[in-house]
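**Q** So the sequence lines, in the order shown, correspond to chains A and B. In terms of numbering that gives the first Met the number 0, the first sequence opens at residue 0 and continues consecutively. In terms of numbering that gives the first Met the number 0, the second sequence opens at residue 0 and continues consecutively.
By construction, these hints were calculated from the structure, which means they are not laboratory data. Note that the Cβ used here is the ideal one computed from N, Cα and C, for glycine as well. Incorrect hints may have been included.
Said to hold, decoys possible - Here chain B is said to cover these stretches of chain A; the calculated rule only asks that three of the stretch's residues, wherever they fall, bring their Cβ under 8 angstroms from a Cβ of chain B:
1) 97-109
2) 221-231
3) 237-251
4) 493-499
Chain by chain, the residues run as shown.
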Amino acid sequence: MTEHFDLPGGGVASSSPLVGSGTEPTIFEFSVPGRKSSSFRNSGVDILDPASVLDSNFLRSTEVELPEVSERDLVGHFTRLASRQYSVDLGAYPLGSCTMKYNPKFADNVAGMPGLSAVHPASPTGLIQGWLELLVMAEEYLCEITGMKAATFQPAAGAAGELTGLLLIRAFLEHTGSKANKIIIPDSSHGTNPASVTLGGFEVLTVPSDEDGLVDIEALAKILDDGVAGMMMTNPNTLGLFEVKITEIARMVHEVGGLMYYDGANLNAILGISRPGDMGFDVVHSNLHKTFATPHGGGGPGSGPVAVSSALADFLPGPKACRLNDGEGKFGWEVPPLSIGRVHSHFGNALVVARALAYMIFNGSDGLKMASDLAVLNANWLKASIDDYYEIPFNGVCMHEFVASARQIKKDTGIRGLDIAKSLFERGFHSPTVYFPLIVEEALMIEPTETESPQTVRALADALIDIAKLARDPESKGALHDAPTTTPVRRLDEARAARNPKLVF
Amino acid sequence: MGSFVPHTDAEIAEMLSNLGLQEIDDLYDHLPDGARFNGELSIPVGVSEADVLDFMDSLARKNRPTGRELICFAGGGAYDHDASAAAMAMASQSAFVTSYTPYQPEVAQGVLQALFEYQSLISRLSGLEVTNASLYDGGTALVEAANLACAHTGRSRVLISRGIHPNYRQMIKTYARGSGHEVVEVALSGCSTDLSSVSLNGAAALCIGYPNYLGEIEDLQEAKRLCEVSGALLVVVYDPVSVASLKSPGELGADVAVAEGQSLGVPLSFGGPYLGLFSAKSGLVRSVPGRLVGETVDMEGRTSYVTTLRTREQDIRREKASSNVCTNQTLIAIQAAIYLSWLGRSGYAELSRRCFSATRYLADGVSLIPGVKVLNRNFFREFAVELPIDAVLTVEQMADRGFLAGVAIKEGYEESPLEGALLITATEKRTRIEIDNYLQALREVVAK
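Pulled out of the complex, with its shape left as it was, chain A reads as follows (with noise of 0.2 angstroms):
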């Protein structure tokens, strides 16, 4: 339906398919015997043979294979490995639930900075009074965000955020002499929570979704009890949809005595709009690498910090970086009085938060709530442009994503969500997440977010609909089992990948 979608000021879409093809030796291959990039510094320090002064037993008696190359060869290397890789900067990314938008270039610049970089974790509160007052306000920052009192950042990505807010919640229960340990999960939720609630010590109770696609108020009453020790939930929920009785649900698990985990998978979507903590919830994680737009580095680093209304800060990880009452305005470390302990070697991915503080105080109040009116404006624009060619299982208004399902198209035409995937990439895009949630049949999670242009979704959505309708064109549905053509290397044989693993060279 897009051409009866006219913009007024023209332009085009900005996104295109990668280029490189063919294949890369492995840097094992460039390797000739005697050949380096590496030099030294003139240290003036003479060099010791370790054999001079340690036992020999304790000594290799051979040096480690490593590649022998030149730096020349070196970077040709992973240049050609980055043009067979596609990104962000790319083209559009439309991962539902990763939130895959833009990332700011000058948090590049803040991550380097020396000031920030070259500060040694073990170095006396004295000399990093810059970075501890930088994780004050990106607490400040991050509290305000989602309704919250108190927040750690050491947790790493956001399944660590998963575990470290799940251990507070048994910690904050022993505290209180509960033997609670259930937490429910909604069956559409990401695999991480069922895992973390594992690793958390608690067993999982599944709740299902009612026909709206939200948590079944009634499924939910009937597994309640003394034995419930929370829930954990994102809102919007994976098909994109706001949880619209979530207080009423917090006021239900609140009763037994149970706790509300917030997963902030899908924070983007309500950024200053809808708070967690004004919601019901008491624990929040948020993914940095998501909402606040940290880059997510080909699957890391993230951030996963972790947020919690007052009654549990007493529990937070430590050390916590924190305003010294002493008159002089200095920040230094506390261990909250009740501490699980740490959950990181040091404080956390310190960098990503810093890129993510940047990223905040840039866009502020008037900019974050742009950034979620945007990405929801995108996904129903996008959803309102496909939706005469692809099922949606659950229409209403989405909030920054939604899940079509191509359950249909595969029962008439045998093209499956996979192959749409596939043949996106010939055509300018990464593909939606697919076959999650597991609720939904050959779904296809769309997610746009606030940072691609008009332009660019509704080529987006253009691309979707003639490969639906390719799908159903006996002639030439054939070349959608066949794409991805274009792209670097086609479909893999991922079975024999799996049955005589092949994990290094």
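Put chain B on the given structure of chain A with help from the hints.
**A** What follows is chain B alone, placed relative to chain A:
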């Protein structure tokens, strides 16, 4: 204010009109009153890029980073090495920086192949066949190793040497609150683990440092013998620079070898992002946490790479998964792989010898200062000293003289003389003149 939202007002109006809406907030009409935030967030409004950079710079200026004004002799798992410009530049390519987890291999061969090379490189360092695509940090890698050992042996008691980083020991206890594992610390004799006191009966693992946090090279052969008798796994926390010269953990019988990978070309970064190295024997491959990248072919027979053995992972096994790791430290792992390739075979060995040599020169000088005593017997790149004055005070006074003197051991050690000792290192970056000046300054500080 600045913004990364590209939409013009006219475009927003048109899009809303397409949806039959008047204004943006109409999109939230279905939110119930109790859940709708009607105020404005109590944080300042947005600013320009220049403003935010000025502000972040003002925070950065309130720190005293390592460098010419604060010459770093501190380690404790975070080391001040020279960087490779090529490695930094290659790891900063936006294709690596701004990509997602490589779930769609056709468009992620860059990250996947780089991770495959990373796994191969780290397996050569650790001497163990299987390496995952990284974990968050050294401490997390140890926690995951303990979890693997418990799952593999069906036992729940984990023995951990007090020679291991006190922060890692605290982490393993934190996570044991959930796993229910029993964590037992093994005492030290001097700076090394007192293996004569160890009873491994019914233990899932013995975790030991190599060299340990205090810099001491532990007797892994004896540790391995004890593990073999009892059926416990030997988990070694190694230093990736030292093992360029020392025998690898794998060669000495480690079942799992983990490490903090920061010293492989990663800036000090106030403690993160770093990366956890995790390697295991091939027989444990199906219990390894995190992502594994494997080689395969595409439908045209071309060599290609894909995440594999995925059925171990949380998104498939859900509550039955033994680890919840999803996002890891991929970019830092790629950076480490490029740095190791830049070092190359001879450079890696030379780096290690240079760290060893500088540390030995430093230790020889330190031991000549009255009242200062080196506590180690066999050390490689770091050592602990007993001081005649408080170590925390020493670090503060040395900072006034332009040195980050070391890591003052405050927590994790109650035993004398380790409590209040100072942990010192000198990397390849330290010159003889810097070391001589450090020794002079330390002599003055402890004499007062």
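**Q** What are the numbers of the hints that this structure violates, sorted from low to high?
**A** 2
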